[in-house]
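Just so we're aligned, residue 1 is where the first sequence starts under our numbering, counting upward by one.
No lab work stands behind these hints: they were computed from the structure.
In this text, a Cβ means the ideal position worked out from N, Cα and C, and glycines have one as well.
Keep in mind that a hint or two might mislead.
Label pairs and their calculated CB-CB ranges [claimed, not checked]:
id, residue 1, residue 2, range
1, Glu308, Ala360, 16 to 24 Å
2, Arg343, Lys129, 52 to 60 Å
3, Gly57, Arg312, 28 to 36 Å
4, Glu416, Lys56, 27 to 35 Å
5, Gly262, Asp89, 44 to 52 Å
6, Asn420, Ser445, 14 to 22 Å
7, Phe2, Glu198, 23 to 31 Å
8, Thr340, Glu263, 39 to 47 Å
9, Arg304, Asp435, 50 to 58 Å
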Amino acid sequence: MFLYNTQTRKKEEFVPIIKNRLSLYACGPTVYDYFHIGNARAFIFFDVVRRYFEFKGYEVNYVQNITDIDDKIINKSIEEKVDFTTVADKYSQAFLDDAKALGIKAPSVQPRATEVMPDIIAYIDALVKSGHAYEANRDVYFDTSSLPSYGSLSGKKTEDQLTGARVAENLFKRNPTDFTLWKNSKPGEPVWQSPWGEGRPGWHTECVVMSQKYLGETFDIHGGGIDLIFPHHENELAQAQALSGKPLANYWLHNGFLNIEGEKMSKSLKNFFTARDILQEYDAEVIRFFFLSKHYRSPIDFTRELMEESKRALSNFYEALKTVDFLEIPKILLDTSQSTEVRDFTSAMDDDFNTAKAIAIMFDLVKQLKSPSASEDDKHKAAKVMFYIGRVLGFFQNLETKLHKKQPDLSDALMELIINYRNEARNNKDWKTSDRIRDDLAALSIEIKDTPKGCIWTQKEQ
RNA sequence: GGCGACAUAGCCAAGUGGUAAGGCAGAGGUCUGCAAAAUCUCUAUCCCCGGUUCAAAUCCGGGUGUCGCCUCCA
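The whole structure should be built from the sequences, with the hints applied where relevant.
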C-alpha cells in the first residue's frame with residue numbers, strides 16, 4: 001500500500017508502527033459555526049481512509065479533535081452576547097449531527113480541547129523549560145529558531161516568510177514565524193490558570209496534546225485539509241519534535257481544496273455553503289459520490305451540474321442492485337476475496353486511495369448486474385461484491401430504506417382516480433363496469449357509497 | 001516576493017514509458033399503441049514548442065494558461 005506523504009512529497013509504502021493496527025489523527029472542526037462543504041470533503045475522505053484500513057483488516061484507532069476554545073468562538077460569543085460554551089456546545093452538537101447525516105462513522109475518540117487543558121498547560125510548560133518557548137508580555141511563544149528542522153513539512157524557509165508575506169507585526173516575537181502557545185486574557189474572555197497567569201491556549205497545541213494523548217508520541221497518519229499544512233501542522237510538528245525529538249506522525253495526508261463554480265469559497269463572495277445546506281438538497285451518498293469521483297489530493301469544483309450528474313450516476317448503483325433481491329445481499333455467503341473486482345478495488349485503493357478508479361470498478365459491476373445474459377448466480381455474486389466494496393467507500397448505508405423508500409401516501413389520489421373512472425362508467429350507464437369496480441374495491445375492504453354529494457369511500461376494518 | 005498544484009472528449013475523471021478506463025450528457029438502433037423505462041452501439045491521440053527513446057499523455061527542458069498556500073481556514 002502506497003500513500004502520498006506531504007512530508008516527503010512522494011508516494012511511500014505504508015508500514016504501520018504496529019502490525020495490523022492503525023493510529024490515525026485527522027483534524028476536526030473549530031466549533032464556531034456550521035461546518036461547510038469543504039470541511040465535509042476532509043471528513044468524508046478520512047472516513048474512507050478509516051473504512052479502507054478496516055477493510056484491510058486493521059484495528060483502527062481514529063482520533064478526531066473538537067477545538068472548542070479559540071478566537072473565532074470567542075468572537076462569536078461576543079457577537080451573540082452569550083457565553084463561549086454556549087457557542088461551542090451548539091456547534092459541537094451540530095457538527096456531530098451533520099457528520100452523522102453525511103454517513104460518517106464516528107471516530108474512536110473525539111476529545112475536546114477544553115477537556116485536556118491541564119495537559120495543554122503542562123505541554124507548554126515543558127516547552128518553556130526545554131528552552132523552545134519563551135514568555136513575553138504574559139504571552140508564551142514558540143521559538144522557531146530553536147528548531148533547525150522548522151519548516152520541513154511545508155517546505156517553507158524562514159527567510160522566505162519575511163519577503164512580501166503578510167506577517168502580522170508583533171513586537172514581542174523574537175522571530176516572525178514564532179507562534180503563540182499561550183495568550184494572556186483580555187477582560188471578559190474565558191480564562192484558565194497557568195504558570196504565566198490567567199489566559200488561554202493558542203491554536204496549535206491542543207492538537208499535539210490530544211493526538212499524543214490518545215495515539216502516543218509518534219503515530220501512523222496525521223491528516224487534514226491542504227491549507228492546514230502551514231501553519232497548523234507545521235506548528236504541531238514543531239512542538240512535538242522539540243519535546244520528543246521524534247516525528248509526530250509517520251505519514252502526513254492532506255486533501256485538496258474545494259472551489260465553488262471555479263472560485264474560492266468565501267462568505268464575501270456569497271458562495272459559502274454549509275454541509276447542512278447541501279444535505280437539504282442532496283442525499284449524503286450523492287455528496288460522497290461527488291467527492292470520491294475525484295482523487296482526494298486534486299482540487300474539486302463544486303457545481304450544481306456536477307451534483308446533478310453525481311445524483312444520476314449514483315442512482316445507477318441502486319438501479320443495478322434492484323435487479324436482484326437486494327435485501328438478501330448482505331446475507332449472501334460468498335468468498336469475495338477471490339473476486340477480480342475486489343482485487344482491482346484493492347489495488348486501486350492501495351495506490352494512494354484512488355477512489356475514482358474504485359468507482360469505475362463499481363460501474364463494471366453495474367454492467368454485470370444489468371446484463372441480460374447474466375445468470376441469477378452471476379448477478380448475486382456481482383451484487384454481493386458491489387455491496388461489499390461499496391460499503392468500504394461508505395455507500396449503501398441504509399440499503400433497506402434506500403431501496404424500500406416509502407412512497408408518499410397515494411391512496412387518496414388513487415381513489416380519486418378510480419372513482420372518476422367509475423363515475424365515467426356510470427354516466428355512460430355502463431353499470432357492469434361501475435359495479436365491478438365497486439365489487440373489486442369491496443374485496444379490498446373498501447366501501448363505496450354514492451351520495452347526493454358525490455361518491456365517498458371508507459376503509460372497513462378487516 | 002516565496003512555495004506548490006494542475007492542464008486528458010461537450011462536461012467530470014482514471015491512466016505516470018508500450019500504443020487513451022469509467023461516469024454524465026449527446027447521437028443512432030432495438031423494444032414500445034403513445035410516453036417513459038430498459039438495452040445495444042458510437043464519440044479524444046492527451047495545452048503549445050523542443051529533446052531523450054524502437055516506443056511518451058506518461059521522462060527532461062522551455063513556454064502558455066488556471067488555481068491554491070504564505071493571514072483565520074478542510
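Consistency of beta-carbon spacing, Ala360 to Glu308, with hint 16 to 24 Å: With Cβ atoms ~20 Å apart, the hint holds.
Outcome for the supplied range 44 to 52 Å, where the beta carbon pair is Gly262 and Asp89: 37 Å, violated
Lys129 and Arg343 - C-beta distance against the hinted 52 to 60 Å: Holds, at about 54 Å.
Outcome of range test on Cβ distance (Arg304, Asp435; 50 to 58 Å): 53 Å, holds
Glu263 and Thr340 - C-beta distance against the hinted 39 to 47 Å: 42 Å, holds
27 to 35 Å as the expected CB spacing between Lys56 and Glu416, which holds or is violated: The hint (27 to 35 Å, Cβ to Cβ) is violated, given that Glu416 and Lys56 are roughly 56 Å apart.
Phe2 versus Glu198 beta-carbon gap, inside 23 to 31 Å or not: Because 49 Å falls outside the window, the suggested range is violated.
Range agreement (Cβ of Ser445 with Cβ of Asn420, hint 14 to 22 Å): At roughly 21 Å between Cβ atoms, Ser445 and Asn420 fall inside 14 to 22 Å, so the hint holds.
Range agreement (Cβ of Arg312 with Cβ of Gly57, hint 28 to 36 Å): 35 Å, holds
Comparing the model with each numbered hint stated earlier shows that hints 4, 5 and 7 do not hold.
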